[in-house]
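S.K.: In the working numbering, the protein residues as written are 2 to 882.
Source of the hints: derived by calculation from the structure; they are not laboratory data.
Being a predicted model, the structure only gives us computed values, none of them experimental.
Glycine included, every Cβ here is placed at the ideal spot set by N, Cα and C.
Some hints could be false.
Claimed, not checked - Taking lysine to aspartate or glutamate pairs in the EDC-like style, the calculated list, with each CA pair at most 20 Å apart, reads: (1) K94 <-> D112; (2) K878 <-> D824; (3) K456 <-> D533.
What the hints assert, rightly or not - Pair ranges (Cβ atoms, derived): (4) A371 <-> P202: 48 to 54 Å; (5) K854 <-> T517: 43 to 49 Å; (6) A398 <-> L470: 32 to 38 Å; (7) D755 <-> K793: 35 to 41 Å; (8) E601 <-> P865: 38 to 44 Å.
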Amino acid sequence: MPDPTRVGAHTFPGAQGGLEGTTAQDQGALSFVEFLDLFPHPIWRADREGHWDLFNQGWAAFTGRSADQELRDGWVRGIHPEDLDRVLLGFQKGFQGAAAFQQEFRLRHGDGSYHWIQNQVSPIRDPEGGCVGYLGSCYDLSVARLVEARALRLGQLYEALCRINRIAKFSPGTDLLFEAASRVVVEVGRFCLAWVGILDPVTRLVTPVALHGHLEGVSTEEARRLVMEARPSIDPDVPGGRGLVGQACREAHFALSNDLRSDERTSSLLALVVSRGVRASATFPLIVRGQVRGALAIYSLETGAFDSEVVDLLERVAEDISLAIERLEQNRRWSEVEGRLRASERLFSATLDTLSAAMAILDEAGRILAVNAAWVDFGNGWNPLVHGLKPGEDYRAVCSGLMVAEGVHADIALGTLEVMEGARETFISEYSEGGPDPMRWYAVTVNRFEDEGLKRIVLAHREITDRRLAEKRLRESENLFRLITEHAADLIGLADSTGRRVYCSPSYTSLLGYTTEELIQHSPLEIIHEEDRERVRRTAQAIMAGACDSITMDVRLIRKDGSTARFESHMVAIRDGEKKDTSAGLLVISRDTSEREAAEKARQRMEVELRHAQKLESIGQLAAGIAHEINTPIQYIGDNLRFIQEATGELLGALDAVSPRGPNEALLEAEIQAFRECLAAADLDYLRKELPKAARQSLEGVARVSKIVGAMKEFSHPGSENKTLADLNRAIESTVTVSRNEWKYVADLELELDPHLPPVPCHPGEINQAVLNLVVNAAHAIGDAVGHSGRKGRITVRTRSEAGHVVIQVEDTGAGIPEAIRDRIFDPFFTTKGVGRGSGQGLAIAHSVVVDKHGGTIGFESEPGQGTLFTIQLPLKELLP
Numbered sequence: 002m003p004d005p006t007r008v009g010a011h012t013f014p015g016a017q018g019g020l021e022g023t024t025a026q027d028q029g030a031l032s033f034v035e036f037l038d039l040f041p042h043p044i045w046r047a048d049r050e051g052h053w054d055l056f057n058q059g060w061a062a063f064t065g066r067s068a069d070q071e072l073r074d075g076w077v078r079g080i081h082p083e084d085l086d087r088v089l090l091g092f093q094k095g096f097q098g099a100a101a102f103q104q105e106f107r108l109r110h111g112d113g114s115y116h117w118i119q120n121q122v123s124p125i126r127d128p129e130g131g132c133v134g135y136l137g138s139c140y141d142l143s144v145a146r147l148v149e150a151r152a153l154r155l156g157q158l159y160e161a162l163c164r165i166n167r168i169a170k171f172s173p174g175t176d177l178l179f180e181a182a183s184r185v186v187v188e189v190g191r192f193c194l195a196w197v198g199i200l201d202p203v204t205r206l207v208t209p210v211a212l213h214g215h216l217e218g219v220s221t222e223e224a225r226r227l228v229m230e231a232r233p234s235i236d237p238d239v240p241g242g243r244g245l246v247g248q249a250c251r252e253a254h255f256a257l258s259n260d261l262r263s264d265e266r267t268s269s270l271l272a273l274v275v276s277r278g279v280r281a282s283a284t285f286p287l288i289v290r291g292q293v294r295g296a297l298a299i300y301s302l303e304t305g306a307f308d309s310e311v312v313d314l315l316e317r318v319a320e321d322i323s324l325a326i327e328r329l330e331q332n333r334r335w336s337e338v339e340g341r342l343r344a345s346e347r348l349f350s351a352t353l354d355t356l357s358a359a360m361a362i363l364d365e366a367g368r369i370l371a372v373n374a375a376w377v378d379f380g381n382g383w384n385p386l387v388h389g390l391k392p393g394e395d396y397r398a399v400c401s402g403l404m405v406a407e408g409v410h411a412d413i414a415l416g417t418l419e420v421m422e423g424a425r426e427t428f429i430s431e432y433s434e435g436g437p438d439p440m441r442w443y444a445v446t447v448n449r450f451e452d453e454g455l456k457r458i459v460l461a462h463r464e465i466t467d468r469r470l471a472e473k474r475l476r477e478s479e480n481l482f483r484l485i486t487e488h489a490a491d492l493i494g495l496a497d498s499t500g501r502r503v504y505c506s507p508s509y510t511s512l513l514g515y516t517t518e519e520l521i522q523h524s525p526l527e528i529i530h531e532e533d534r535e536r537v538r539r540t541a542q543a544i545m546a547g548a549c550d551s552i553t554m555d556v557r558l559i560r561k562d563g564s565t566a567r568f569e570s571h572m573v574a575i576r577d578g579e580k581k582d583t584s585a586g587l588l589v590i591s592r593d594t595s596e597r598e599a600a601e602k603a604r605q606r607m608e609v610e611l612r613h614a615q616k617l618e619s620i621g622q623l624a625a626g627i628a629h630e631i632n633t634p635i636q637y638i639g640d641n642l643r644f645i646q647e648a649t650g651e652l653l654g655a656l657d658a659v660s661p662r663g664p665n666e667a668l669l670e671a672e673i674q675a676f677r678e679c680l681a682a683a684d685l686d687y688l689r690k691e692l693p694k695a696a697r698q699s700l701e702g703v704a705r706v707s708k709i710v711g712a713m714k715e716f717s718h719p720g721s722e723n724k725t726l727a728d729l730n731r732a733i734e735s736t737v738t739v740s741r742n743e744w745k746y747v748a749d750l751e752l753e754l755d756p757h758l759p760p761v762p763c764h765p766g767e768i769n770q771a772v773l774n775l776v777v778n779a780a781h782a783i784g785d786a787v788g789h790s791g792r793k794g795r796i797t798v799r800t801r802s803e804a805g806h807v808v809i810q811v812e813d814t815g816a817g818i819p820e821a822i823r824d825r826i827f828d829p830f831f832t833t834k835g836v837g838r839g840s841g842q843g844l845a846i847a848h849s850v851v852v853d854k855h856g857g858t859i860g861f862e863s864e865p866g867q868g869t870l871f872t873i874q875l876p877l878k879e880l881l882p
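My request is simple: use the sequences and hints to build the entire structure.
M.R.: Here you go:
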């Protein structure tokens, strides 16, 4: 198929015939072209290959382009870009079918705008019926579409008029009428705002009583407030009376402005709506029996919105509202008509209420007037009160016949007859039938209506098996609930959606001392400790509002004797079955945690005592080693001091040999000689060499003892209850120092401490204990591995920081941890060491210190025969409790 956008050079000789033409046919073609030019709308022609080759003057007038410009592919440029692909595809399919077709698309007008056109295409056929080309006619739809839009707008207003007319006929009161009218005007009439106001003849103010819609940036309620504050008046001498509302009420005729921005009439209300984007407004007086009783004010965001046809329809809306007001006022005086209407409404309401049941309506004689479909199907043959009874039958006779029978049917028949005779207004009974299922339950209702001699009886039978079963389940559930709550040790309470307590279990009395009456009469918050009361109130409100379904919190409750007790309260929202986001109440279950808290405090005390005992155990185990570490430097300090003492004595003796008698040349030479002999005897060169060495060694020994004592002091410091920022590198160095005697005989210890390690929030003494336990454990593991071979292992202690944590690692080259006991190494009192080498608390305490006290982690990697690596991670940021 050739591309329909290609335009060939062929020219048809006429409206019919083949492509091969003669002179006469050429003359006919010219007549055909002139004929096409007579039509004002655009017409085009294409050959049977889809090549466009002819455009009439109507096409040129519409597009503003000549036929030469449109030939070839020029006409395609006029199609709207959004429609182009669809149009070309439509042409392709139409030309392939060689049949008539039509399309609607946008074509560029000579003024540059795009008009919707309808392109109707018909095939041109030769005398034998073959397709020799196509002729297309284009019709401008723009005007038609504007007419359609106009008709739609008027249709909307007419729909609003009809709806308000129906509302006006059946509205029970003016409030509903005004609300419905303003809503329909806005929603159906497509205006931005409408309100109905009532005129007060005394104050001469028009008070809005119903308003619907909104202004730019203003809600409906805010718009109502703003209109009220504007105080529209009918008095032209006040600012509120110079607008459209005042004019319409004064003149008893509509007042409008299709361009409020240029309107000379001003009022505070008009200024307000114009500032909120309103461009046109109209007000229609509500006239009842010749008097203006109020006004209907309507606002639009479009300039020129109120033309004559729109105004005519809106005038009819105002007339309908006025007539409805008059009708409602007349209805108050028409007691007789109103009474008949009430009787009819009661009968109609009763009929509607029983439509889902098997229903029959009887006249005063007991004859069946009508039955519904449910009546025909009800009973399946087993219920003589319903089955087979049709309109026209005597129901009184049926009941009279059943009255002498036995069982439930006789009771129902007798009750029905009593209603027929007027002995009672209503008869209601529930019964079960021994039909297909003896467990099916039913209810029968007989109502009597009588008004001004008109008597009707309405019968209704309906199945209530589901209700009876639900009631049974409810009773069972209530009994189970009562059994649980009355024997529960916990406090169980229920509050409704307002927060009022509606149930409390007997445990409130046994645990708190209050009676049920005392609790029900007072707010649930009154027995909550005043410091917890606001927190509980906010939490309960959040649950009721849907923030969460449940929450558990610790609460202090006040006993009747004034003492307090701690409870763990679990609050659960009771959601509405249909409205999941609506809370119908609150269930609160509270458990006394006094004993648990006492046990928890006792456990914490035991943990502290256990850690303290373990520290004392560690200090006891380290004491001998520390004494040995201190004794070694003390020994050589003592030897050096004795050497210094002897050397000092010899030097002082040499000085004493020098005569104190002053400069005597005769004696000076002898004294100098004697001094030299004393110095020679004292071995001055030796003293000159050894005395500084002895002093240096003594100072080093003192520094070593001081370091050991300082490390011991830092290690054994009890610390504070609160975490402090600590230098872990320094703490580890102290721990390594005090434990030196534990590892120096079996291992070399290396420190790889990160010099840039930040301060860590922790309990330094407890971290010292944990690291000590790991180092001692590593030394014991290496000792077990090397035995008495004289070889040494290696212990490496590392620190580093990473991703918000500080990492401490203790690695050894011991025997490793067997696979079978890896799950138990952190258990309290678990140990594989011999008697006297450990209590089994070291790793358990390390785990408690790191995980429980600091919120960190501790783990290990171990390879049997190769060693073990313990890794501790401590958070750098303090965790919230």
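S.K.: The structure should be examined with respect to each hint, and the outcome stated for every one.
M.R.: Hint-by-hint comparison with the structure:
1. K94 <-> D112: 31 Å, violated
2. K878 <-> D824: 30 Å, violated
3. K456 <-> D533: 66 Å, violated
4. A371 <-> P202: 48 to 54 Å: 51 Å, holds
5. K854 <-> T517: 43 to 49 Å: 45 Å, holds
6. A398 <-> L470: 32 to 38 Å: 36 Å, holds
7. D755 <-> K793: 35 to 41 Å: Check failed, 26 Å falls outside 35 to 41 Å.
8. E601 <-> P865: 38 to 44 Å: 39 Å, holds
This entry does not satisfy hints 1, 2, 3 and 7, going by the numbered hints stated previously.
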